[in-house]
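Read off the chains here:
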Amino acid sequence: MKVPLSWLKEYIEITLDPHEIARLLTFAGLEVESINFIGLPQPDQLQNQTSIYGLKWDRKNIVVADITKVEHHPNADRLVLAQLYDGELTHTVLTGAPNLFQYKDQGKLAQPLKVAYAREGTQLYDGHNSSQELITIKRKKIRGVESYSMACSEKELGISDEHEGIIVFDSDAPKAGTPLVDYIGDAVFDIAITPNMARNLSILGVARELGALTKTPIDPPTANITISKSIQSALAMPNIEIDEPELNARFTATLIENVQIKPSPYWMQLRLRMSGMRPINNVVDVTNYVMLEMGQPLHAFDYDVLRNRSETKVPVISTRLPKSGEKIVTLDGINRNLDDFTILVADNTGALSIGGIMGGSDSEVSDDTKNVLLEAASWDLINIRQTVTSQQMQSSQAGYRFSRGVSPEIAARSNLRAAEMIRTLGNGKIIHNLIDEYPHHYVPNTVKLPIGEIQRSLGVDIPTEEVVSILIALDFTVEQKKNILHVTAPAHRLDIGIAEIGTADIIEEIARIWGFENIPETQISDLMPRQENNTLLEKEERVRDILVNLGLQEVITYRISSPETEQLLHPIENGPYVHLANPITPERSAMRRSLLSSVLECAQDNLRFQQRIALFEVGPVYLPELSSSDEQSSLPLEAQRLSIVISGQRLSLSWIDNRVDSMDYFDLKGIIDELLQAAHISDYTIDDANHPSFQPGAVAKLTIDGSQAGLFGVLHPDIASNYNLGEHLTLAADFDLMAFVDAMPDQYSSKPIPRFPAIIEDIALIVGDSITNAEVVASIVKSGGATLTKVQLFDVFRGEQVGANKKSLAYRLTYQSEVKTLTDKDAAKLRNKIVKTLQKELGAQLRSE
Amino acid sequence: MLEALDTIKTTALSELKKTSDKETLRLWYSTHLSKNSPLIESLRNLSNVAPKDRPAIGKHANQIRNILEEAYKEQTHYLHKSTASTRQKHTDLDITLPGRSVNRGRLHIATQTLRRIYTIWADMGFQIYRSREIETDELNFELLNIPLHHPARDMWDTFHTNTPGVILRTHTSPGQIHAMRANAPDPIRVILPGMCYRYEQITARSEIQFNQVEGLAIGTNIRFTDLKGTLTDFARRMFGNSTRTRFRASHFPFTEPSAEMDVECFLCSGEGCRVCKKTGWLEILGCGMVHPAVLTNGGYEPNKYTGFAFGMGPERIAMLKYGIDDIRHFWGNDLRFLEQF
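So the protein lines, in turn, are chains A and B. For the first sequence, the positions run 1 to 849 when the numbering used here is used. For the second sequence, the positions run 850 to 1190 when the numbering used here is used.
Hints should not be assumed to be uniformly reliable.
[To be verified] Computed cross-link-like contacts, SDA-like style, restricted to lysine to any residue with a CA-CA straight-line distance of at most 25 Å:
{"id": "1", "chain 1": "B", "residue 1": "K1153", "chain 2": "A", "residue 2": "V460"}
{"id": "2", "chain 1": "B", "residue 1": "K1126", "chain 2": "A", "residue 2": "E517"}
{"id": "3", "chain 1": "A", "residue 1": "K481", "chain 2": "B", "residue 2": "P1151"}
{"id": "4", "chain 1": "B", "residue 1": "K1126", "chain 2": "A", "residue 2": "K313"}
{"id": "5", "chain 1": "A", "residue 1": "K448", "chain 2": "B", "residue 2": "R1002"}
{"id": "6", "chain 1": "A", "residue 1": "K313", "chain 2": "A", "residue 2": "D368"}
{"id": "7", "chain 1": "A", "residue 1": "K2", "chain 2": "B", "residue 2": "R1002"}
{"id": "8", "chain 1": "A", "residue 1": "K448", "chain 2": "B", "residue 2": "G1148"}
{"id": "9", "chain 1": "B", "residue 1": "K1127", "chain 2": "A", "residue 2": "P41"}
{"id": "10", "chain 1": "A", "residue 1": "K56", "chain 2": "B", "residue 2": "G1129"}
{"id": "11", "chain 1": "B", "residue 1": "K1153", "chain 2": "A", "residue 2": "E420"}
{"id": "12", "chain 1": "B", "residue 1": "K1153", "chain 2": "A", "residue 2": "Q523"}
Worth flagging that the hints you see were computed from the coordinates, not collected in a lab.
Kindly produce the complete structure, drawing on both the sequences and the hints.
Have a look at this one:
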């Protein structure tokens, strides 16, 4: 909402600086996002959220001037020479402004044209540049005629984007030589209006807020029509029928006859443009002007069109829901299929406009319009909002206001105000009084405010007389009965709720005007709630910490993916998905089912720039086939997962050791071994697995406490080729995080540091190729008992020496007792037992034998 | 005999001074203090000495032995120190060569920021309560005092799923209802972190997914003054001990009164800079007293209980703190970005 300061000043006497006004409004919840200083000097810095911009007008060099004569340019058809008096001297000014061409070569003008004149050396915006580029006016010859100054457009002065012609002021503009800034210098506030402040989508509304904040009375605009009683109208007023009072609480109409359609005076055009609207003609401009001023959208019909559609020449205007299949062509030229809930303004022939949002093109005011029927009505905000959404009419200013709430109480007043302006500006006549159908009357809302409630909510004691004074300044009426204030909201306060919600609404008003900065700060003195651990989160964070300690980088990827993206990783199983009904792009059309797919994408993006990546993510996937156990409704399960992707060089290039080794399965396996150990998870197995996403034979299945934790291994080359992962192997893990979290103990026991020396010995075994390390270790651990404290594999060898289909595994065994120093004899005994068991269970042989 | 011992002493001490490294020192020791050295031998062969001289000679020999042992220790210490310094001087170690590479892991900057926020709130007794991301319209909007077709809905652009009435949460606020219903009528002090979604174009300033941390305190005596004090405490912990705050009126359907909290720009200390757009203040979070309708929906009687709520964006805070100019860096996960934190 753009609010020119000059316009505000019509309703409130205020001498504060623009930045002070911006601060007051911003702190009261009307956030002034920017101030455009039009000609006025700008303050250096604003201590609020407001940004400032604008062009300062030099008082000496930018002045009002009179063009007295317009002559053709001797050498250019598209330029004219204007004779201009600036209060001191007469100058010749070159201009190509099309709005001067009508005066060309007519000799001395009967009435001089009042314009904005910039002298030599003045800084202005370049009118021909699409952005705001500063230029300095310099003396030069254009097609043989010297030019050193100019008559300006609004764009050149930083008022608006208008550059069709130069500004021509109304004839009552001040005398030549007056500094322009004194005449139309202004500050335009751009205010963000929150949904609860729909009442402030008007200059008057903002003036009211300022009035309450500064305790200044406001002077609302007059709303009286001048009725020409002496003249008999040839036209009858229409009949109004309201079918749906719930949707159309009030409908008022005035008729302005014999109107001359023409451009609005400059002052009105200027205000409309400063407020971001485009002037059209005096009738349409008045409807927009009064909407901006009062907050009531209005609509003007060409009354002769309506009369001609009616057999009796007395139109019957009804507001109703559409008939099935009914259509309307609106002002924007769109032929609209109407929803069955959309309320229409119609006559016996058909729809005239979409109520409260946009008129139909048939009855639009045109240059030929003579008689104007002016509508100001009230509509149900929810209903209007549904239509605005369904018909995509968000750009309609009327729809915007009605869908946020406009009080029915202002309809008649606004209509009278606009009708009178149209009458004056269009030299028309008003013969009939306003028609006012008001079937659904506004009922004033009174709310009880126990005085203690203010302290209970705000924590601060505001004197009751101050509370009352604030409410009165906001146009509430207040009646005190013992310790309860009975507060009645003014009609424009549709945001005040009923009962206890209304009470909260009123307290907010008191706090807002009293000023949040006047409310002290305290520590909470209320009872501290019972404190508990969030075990799930703590363990999840522990997993993150472990992986970071192992040198991995955490990533956080988009959780919105698409089946097509995930198909790259999971060509077979693919779904079901939680699909979005309104995706922003096809690549983000459904909630992901695979965390690994997201991390692989991330790996791919990074491998373009990195020699090594080691990434992990902890995050949810969304499984609609499973629903959360704690929900009554069947919302999709959000399952936390852990994915790891590593690829590339093991270490970055170094002067110490410049071998460049690629990471392989065992780099990933090492991370997983450490993760399990650091998480104090001991009950797990790692087994052969098969999965289409992984390379056969190089993928393992991790089972924790008997439940599937997931897979890890080498990404299948066919799958890897779906991505751009470079020449290195890609190692990936995809786990159910809960399998880890559930198995992570809340506590565990430590062991004492051994007091007796250890005996260390190495054994090399020859086993069949199909025997796994895990099987060998399990056998060793079992037979070694408590005295065997450590088993480390340190060599794996295949070759002729060990024979075909066999391999050699070398282990370093550590024996250590908690109760005595072991002898060589003890060690030999244990070793024999271990070797015998290995022979028996796995057919292993000592390599030395 | 005594003179002979004194000669041994003098010779040994003067030779000791000539030792220059471990090897010569070892040699000196075996010459003068080993089992076969004349001094130790003289002690061992004391029985060959006349009995009346034995005490004097024995005593003297032992004194000399102690002196030499002491001198040996000193020389060892001295040589150790001097060889250490010589070693450095004589080798060609370039101490500026890069060290062996270590692969350092890191938490994502969003996680780091979240954890900082968790810690501060935990210190103030606010515990973490997480809730789901795919929500019902009822939880995300209606129970938070945002009815269907209400103008306030314009504040959130929503991703809808193919299931009518099921959406991606637009804020962590539905967690307020979950937390209230789980705890009513007990007092509550929680923060609700998590990912939220908005139907927006992805630009340098706006994302389709972002973390939010919402906070909620409910009790029989929670007031707007407490809200101001608690959030100012938070701002000091998060942005520095001298941070000042200010509160502006605002609007959220689920709080009333509603406010925006600004903190004094910590980059320019309020002087005005590019980041704070020359205003000296940064908009950090929205907050307010819990709306009576929301209290009711959560199971608390509004005439008995009051509460405050607030919400902030960790990514926005990180952007301000670290001068990150593009929000897309967060989920872009470019290591060249992530490795800076």
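Tested hints:
1. B:K1153 to A:V460: Cα-Cα ~18 Å, so holds.
2. B:K1126 to A:E517: holds (22 Å)
3. A:K481 to B:P1151: Distance ~23 Å between K481 (chain A) and P1151 (chain B) Cα, so the pair holds.
4. B:K1126 to A:K313: violated (61 Å)
5. A:K448 to B:R1002: violated (28 Å)
6. A:K313 to A:D368: Distance ~19 Å between K313 (chain A) and D368 (chain A) Cα, so the pair holds.
7. A:K2 to B:R1002: Roughly 23 Å separates the two Cα atoms, so the pair holds.
8. A:K448 to B:G1148: holds (23 Å)
9. B:K1127 to A:P41: Measuring from Cα to Cα gives roughly 17 Å; hence the hint holds.
10. A:K56 to B:G1129: holds (24 Å)
11. B:K1153 to A:E420: At roughly 54 Å apart (the allowed maximum being 25 Å), E420 (chain A) and K1153 (chain B) break the hint.
12. B:K1153 to A:Q523: Distance of about 20 Å is within 25 Å: holds.
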